[in-house]
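Asker: Residue-level listing of the chains:
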Amino acid sequence: MKLLVPFLKKTIRKGALDIMVAEWLFTAFSIVAVLGSAGLVLSRHPMNGAMSLIITIISLAGLYALLSAKLIFALQLIVYAGAIMSLMLFIIMFLNIQIKDLPEEKGRFLYLIGGAVLISPFAAFLIKVVKTLPESQTTIIGNGFGGVNEVGLVLFQEWLLPFEIISILLLVALLGAVVLAGKRRLK
Amino acid sequence: MFEYGLSFMIFLPLLTGLAMLLLPLNKEVARSLGFFASIIILILGVNLFIGFNGSGGMQYVENYLWIESFGVNYGLGIDGISLMVLMTGAVLFPMVFSLFKNKSKGYYANLLIAQGAMIGAICATDLILFYIFWEVMLLPIFFMIGLYGGEKKLSATIKITLYTIAGSLLMLAALIYVGASYHAQFGKWTFDIVQLAKLDLGGGSAVLAFIMFMMAFAIKIPLFPFHTWLPDAYTEAPTPTTFILSAVMAKIGIYGVIRFIIPVFEIEFTRFAILLSLSGAAGMMYCGIAAIGQKDIKRMLAFSSASHMGIIALGVFCMNVQALTGSLFQIAAHATSTGVLFLLAGLIEERMQTRKIDQLGGIAYQAPIFATFFAIALLASVGLPGTSGFIGEFLIILGAVKFNGFIGFLAATSLIIGVCYMLWMFQRVFFEKSNERTEKFKDFSLTEVLTFLPVILLILAMGIFPQPFIKKIEPSAQLHIAQLYQSEKPEVATITTNILTHKKQ
Amino acid sequence: MIQDYLILSIILFCIGMLGVISRRNVFTVFMSIELMLNAANLAFVTFARLHESMDGHVLAMMVMAVAAAEAALVLAVIILINKHKGKLDTNIFSLLKG
Amino acid sequence: MEHINTYIGLVPLFPLIGALVLGLMHMLTCKTDKYPDKLYGIIACIGPILAFCVSLILFFKLRGMPADSRYLIHDVFTWFAVGDLHVTMGFLADPLSSLMILFVTFIGSLIHIYSAGYMAGEENFGKYFAYLNLFLGSMLILVLGSGPVVMFVGWEGVGLCSYLLISFYCKDTDNVLAGNKAFIVNRIGDLGFVLGMSFLFWAIGSGGFDYHSLRENAHHLAPSVGLIVCLLLFVGACGKSAQIPLFVWLPDAMAGPTPVSALIHAATMVTAGVYMVARFSFIYAHVPTAGTIIAWVGILTALLAAFFGMFQKDIKKILAYSTVSQLGYMFAAVGITAYSAGIFHVFTHAFFKALLFLGAGSVIYALHHQQDVWKMGGLKEKMPTTYKTMMIGALALAGCPLFSGFFSKDEILFSALATGHTGIWAIGVLVAGMTAYYTFRMIFLVFHGKPRDQKAFDHAHEPPAVMTVPLIILAIGAAFAGVLNLPSLFGGSLAVSHWLAPSLVEHHPHVSVWIEITAILASVIAFAIGITIAYKKFADGAVEPEFSGFAKWGANKFYIDELYNCVIVQPYKTTGSLISAFIEPKVTDLPIKFFTWLYKKLGASFKVFQVGYVRVYAIYMVIGLSLMSLFLSQTIN
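Chains as they are written, first to last, in our numbering: chain A, 1 to 187; chain B, 1001 to 1505; chain C, 2001 to 2098; chain D, 3001 to 3637.
The set of hints was computed from the structure by calculation and includes no laboratory data. Watch out, some of these pointers could steer you wrong.
Partial list, computed: chain A residues near chain D (C-beta under 10 Å) [as the list claims (entries may be wrong)]:
hint: 1; residue: 121
hint: 2; residue: 122
hint: 3; residue: 123
hint: 4; residue: 129
Under the rule of at most 30 Å between Cα atoms (straight-line distance), these lysine-lysine pairs were calculated in the BS3-like manner [unchecked claim]:
hint: 5; chain 1: C; residue 1: 2083; chain 2: A; residue 2: 100
hint: 6; chain 1: D; residue 1: 3586; chain 2: B; residue 2: 1295
hint: 7; chain 1: D; residue 1: 3601; chain 2: C; residue 2: 2097
hint: 8; chain 1: D; residue 1: 3586; chain 2: D; residue 2: 3573
hint: 9; chain 1: A; residue 1: 131; chain 2: A; residue 2: 70
hint: 10; chain 1: D; residue 1: 3317; chain 2: D; residue 2: 3388
hint: 11; chain 1: B; residue 1: 1356; chain 2: B; residue 2: 1442
hint: 12; chain 1: B; residue 1: 1442; chain 2: D; residue 2: 3038
hint: 13; chain 1: A; residue 1: 106; chain 2: C; residue 2: 2097
hint: 14; chain 1: C; residue 1: 2097; chain 2: C; residue 2: 2083
hint: 15; chain 1: D; residue 1: 3388; chain 2: D; residue 2: 3536
hint: 16; chain 1: D; residue 1: 3601; chain 2: B; residue 2: 1152
hint: 17; chain 1: B; residue 1: 1153; chain 2: B; residue 2: 1295
hint: 18; chain 1: C; residue 1: 2097; chain 2: A; residue 2: 100
hint: 19; chain 1: B; residue 1: 1152; chain 2: D; residue 2: 3607
hint: 20; chain 1: D; residue 1: 3388; chain 2: B; residue 2: 1295
hint: 21; chain 1: D; residue 1: 3586; chain 2: D; residue 2: 3380
hint: 22; chain 1: C; residue 1: 2097; chain 2: D; residue 2: 3552
hint: 23; chain 1: D; residue 1: 3536; chain 2: D; residue 2: 3375
hint: 24; chain 1: A; residue 1: 100; chain 2: C; residue 2: 2087
hint: 25; chain 1: B; residue 1: 1442; chain 2: D; residue 2: 3171
hint: 26; chain 1: D; residue 1: 3317; chain 2: B; residue 2: 1440
hint: 27; chain 1: C; residue 1: 2097; chain 2: D; residue 2: 3573
hint: 28; chain 1: D; residue 1: 3317; chain 2: D; residue 2: 3382
hint: 29; chain 1: B; residue 1: 1153; chain 2: D; residue 2: 3537
hint: 30; chain 1: D; residue 1: 3607; chain 2: C; residue 2: 2085
hint: 31; chain 1: B; residue 1: 1440; chain 2: D; residue 2: 3031
hint: 32; chain 1: D; residue 1: 3171; chain 2: B; residue 2: 1356
hint: 33; chain 1: D; residue 1: 3317; chain 2: D; residue 2: 3552
hint: 34; chain 1: B; residue 1: 1152; chain 2: D; residue 2: 3573
hint: 35; chain 1: D; residue 1: 3593; chain 2: B; residue 2: 1356
hint: 36; chain 1: B; residue 1: 1356; chain 2: D; residue 2: 3573
hint: 37; chain 1: B; residue 1: 1295; chain 2: D; residue 2: 3593
hint: 38; chain 1: D; residue 1: 3382; chain 2: D; residue 2: 3537
We put the beta carbon where it would ideally sit given N, CA and C, even for glycine.
Looking at chain A on its own, in the form it has when it is part of the complex (with noise of 0.2 Å):
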């Protein structure tokens, strides 16, 4: 007890506290991420594959906050999960998919197993290089670091060319959906 208490005050001075906080959140966010992409790699019918992905994405989302990452943990939520999985879901429902719809896929788990195999080095060794990197801790940092103001300005202040692309891109995509799917036949 008197080695600990004089340990926990040191610790709880210089924000320790914080970070158990922090490594219990990642933990739970993680697992969550990793379950719910789990289901959606599983799971039979796309909507259950696509609610298992919006879980993962707001995990994600939460996994962002912890980095001190701000806007991109509203991005996350808003486009991603807001916009983007709705957008699909929509689609889903559209679609109106039956099970019978669904291909077979009668090897699905063996797939499965053989795919983990193949991938398995793969992951290894990505482990492994991440492994050589230097350990470092993830406090919440402030100064707005990753804020509206601060990414805004280097968004268009260094990455104004690659941004103004990406909007043609967008654009791009927008007619060519518009096309693809907006297509009547003319016969």
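Put chains B, C and D on the given structure of chain A with help from the hints.
Answerer: Only chains B, C and D this time, still in chain A's reference frame:
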């Protein structure tokens, strides 16, 4: 005044050609655009020729670092060795535009692109830059044969493309080997040919690299037995393309040997010189004999061109200044004579709708001017004194005799072989009785006379006053040969002296 | 700690890849790709945090934009496929079969 | 500085300008035919005549100089210079070349004048004269060139003109083939010439590649190299001067217009080989082996050609073989180092052979292109001038004493005897007899006896003055040219030999007068026998015999043409066709075809993996990724 002259000469046609492809022009506009671009190049080329001094070194040099990490330069420059090849590439193109009016826009654009790439390949002093232009050069040829060729154009296109690509990929490998060995020896990267000449290569891998390097040029020249793409390609290609192939592109093969192989691979070159020159002689004889059996005038000229290329290559392999100068001179001479022959054969085809020799005859009575021009080009091609063909051929034979008496004899047989098939063809096309087809043969129009006259005069001028030309190329040849012999590497010295002493006995 | 984030990103990415190679349902394949994009985004943001520079954030935004564009197109394509073939199976296309 | 003379260049220049003008005029107007023939004729004659005048001036200038430094040089410009090789486009007039240009321009002018009459009304009148002028210019370059390379320019130039003029009537395939044959055979000779020049250059040419420098350095020439050079150059001479084995083209060359045969294939071009050997006498004199070979080749050619000449029926072919035979004499002379005798025979031969050809031309002209002697006869009355002049020419050719041919031929035979070449002398005497026989066989058949073709005979008439006057002039020359080199036995002083001496390297052997008398007697007897047999057989009314046995072989020229055709020409052509028909499409593509086959097979075997499902391709990617990862993991610790 002329600081960026070479770059201008490369990129003017290249960009004009590309622009022509992109813009919606009709073919007449495209043709005149091409004509003016080529005239500008012609003027620049002549200006460059006049301003060139025969000191033997590089002139009009442009050098900018391009890819720093690998020491690749955008390096241009010409010396006596590239001068004549450059002139063939720069001077002869307007003829094509003024003669052939019925081609499409893309065709003229491709011609210009080909010209730009060729000039680039000729001027490049950096191996990588050379390689890039070398490959770009093939593209327009591919399209011109593939899109606008004769009946069997597709197989001919595939043949020429696969052949040359195979060669140039081998060259790429060898080129990387050379760069890497330089890095190993001097601790830095460069592909500048002057620097690479300092390399001290040896051993089995160098021989392999030499063979791979040589292969690319041997296919392009083409050396016997790598010539099999040539008859098909030359025959099936539209006439202007054949003209370019024979007048300029084949020459770049020879030029590449002189510029890049001799300085870098001295030892290997000396070791293989006899074999290579035998191959040149064999090609000359084989193609010359094959020419006499041809029934198609263009195909016959194709073999004749291959035969001449054999002897020009032989001159390079003889490793003395007379033969080398002769080869360089012959490059220009052959471009003018055989080039003109191809163009004239193309005109015959255009007028008579046939290329079969036995369907022609008696053109000389219908078209005396045409026949005279054809005869002059033909005589230049067989190397009659007073025409450009003689000087080069004589110098090559002279040098070959010094190199090796037997090779000299083989080289000299070109005097006979050339004249056999040429006269045989001339007799059946221009003499004998005319038939109902050739009776309607129209003589030259004024435009055509004006197009051919300068070249015909050039053929004669180069035969009668060759010294102004030789004065500009000879110092470089001198320098090149001196480098080959006075190399500090002892191995080379012994090999060359062996050859020399062997020869004198 | 940073490493944990990255490892998570790798795991998600590999699961996405697994989905792409082992599933035949067009929607699932597409969403697996979205998952892979998200995994990459996570790595971007993590590295941004590591270097304390916001370029990673910008890149993540761009990936989102690309994802949005992709979603628009892919969904259009899926609608077309469904309309013409009445199926959502990737195996209906085998034109590349040699 | 006194040796520099800028006139020399003018000699070849005048005819060349003439050729250019005529050629352009003809080329531009031949379809419309604007200019009259007379204009062409006059322009054509200007060049040669001017050249002759300049030649005369040069000749007298040389005469005015001291004998041991008698030469004029005009270096016009540096032709090309590469390394040690320095070739100047220059002209050299020395006694040898001045003598040559004198008779070349003289006879050339006469033949131009004659041609204006002979060719009148021909279709390509202008072209003919353009070629003829070009020929004369080339010939003069050949003679005047100051070094071997310049000589080679003329050498090839005359070959070209010879080709063009032989195939002048180019609608007829045979004529063109004859032209081709001439050019190609000449080219075989040129191969020897070029190689000879090359060896010569590498041996002694680095100090300057013109006759003067070469002559100064000639003693550095190693005997073995000297032999190679001499023989190679002689191959060139063989081609140009129709010696064994390259003589086959000359009889065929008679396909050209007759004046061309007279100028090119009798008087001037074919003697170029002799001139060349004489020019290089400073080398040949040091290589006796080469000389002996040349002499024997020459005398055997003389024998063979004389033999063929005895059986010909085409008047021009008879003269052609006689030319080959006489050329053989000349080579025998230069072979035994009697250069001046050889050149003198060139000189006299030019007169009488040109005369005979032009006379034959008149006959052919009169008989409307009838060339068969067995269809002629009795023309003596109808064509008296032609008969008389041709008689003089025939006597000169046959070596009748006191005519020019007698002196020059006798000089050769005497030299052979004097230098101990008895075999050559004996064959030479035999050939002299044969010469007399076939010459007079021709004369008797054509002019004596009764006409064999009455219709043609009735139309025959003496040609116009423009043709007969040159005949008369040449006849004077043929009769009296021998006087110029009268040996001391006849009270002369060998003027031509002395004149030529500075240009040549030769030794006159001193032998007793009896040997000279023996030589003369032998040739006179041979002449007498030959002419007697001819008289007996042909003087009045012989009929065309059927040849059999050996004579048939002779009439068919020992089937040498056929032999060459079988052994060289046909195999060559067959090889060409074989390559184009079989090897090129079938054999040489085999490696390529193998590779394409291989690629097809490989492609077929890789096809298995292309299942078509996008997912499977993705799996391939992942497999690759994994393998790469496995490999790369090794590098990370």
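Asker: Confirm or reject each hint.
Answerer: Taking the hints in turn, this is what the structure says about them:
no., hint, verdict
1, 121, "holds (4 Å)"
2, 122, "holds (5 Å)"
3, 123, "holds (8 Å)"
4, 129, "holds (6 Å)"
5, 2083/C x 100/A, "holds (16 Å)"
6, 3586/D x 1295/B, "holds (17 Å)"
7, 3601/D x 2097/C, "holds (17 Å)"
8, 3586/D x 3573/D, "holds (19 Å)"
9, 131/A x 70/A, "holds (27 Å)"
10, 3317/D x 3388/D, "holds (21 Å)"
11, 1356/B x 1442/B, "holds (18 Å)"
12, 1442/B x 3038/D, "holds (29 Å)"
13, 106/A x 2097/C, "holds (22 Å)"
14, 2097/C x 2083/C, "holds (24 Å)"
15, 3388/D x 3536/D, "holds (21 Å)"
16, 3601/D x 1152/B, "holds (25 Å)"
17, 1153/B x 1295/B, "holds (19 Å)"
18, 2097/C x 100/A, "holds (27 Å)"
19, 1152/B x 3607/D, "holds (29 Å)"
20, 3388/D x 1295/B, "violated (53 Å)"
21, 3586/D x 3380/D, "violated (66 Å)"
22, 2097/C x 3552/D, "violated (81 Å)"
23, 3536/D x 3375/D, "holds (19 Å)"
24, 100/A x 2087/C, "holds (10 Å)"
25, 1442/B x 3171/D, "holds (19 Å)"
26, 3317/D x 1440/B, "violated (38 Å)"
27, 2097/C x 3573/D, "violated (53 Å)"
28, 3317/D x 3382/D, "holds (23 Å)"
29, 1153/B x 3537/D, "violated (71 Å)"
30, 3607/D x 2085/C, "holds (27 Å)"
31, 1440/B x 3031/D, "holds (13 Å)"
32, 3171/D x 1356/B, "holds (19 Å)"
33, 3317/D x 3552/D, "holds (16 Å)"
34, 1152/B x 3573/D, "holds (27 Å)"
35, 3593/D x 1356/B, "holds (28 Å)"
36, 1356/B x 3573/D, "holds (18 Å)"
37, 1295/B x 3593/D, "holds (25 Å)"
38, 3382/D x 3537/D, "holds (23 Å)"
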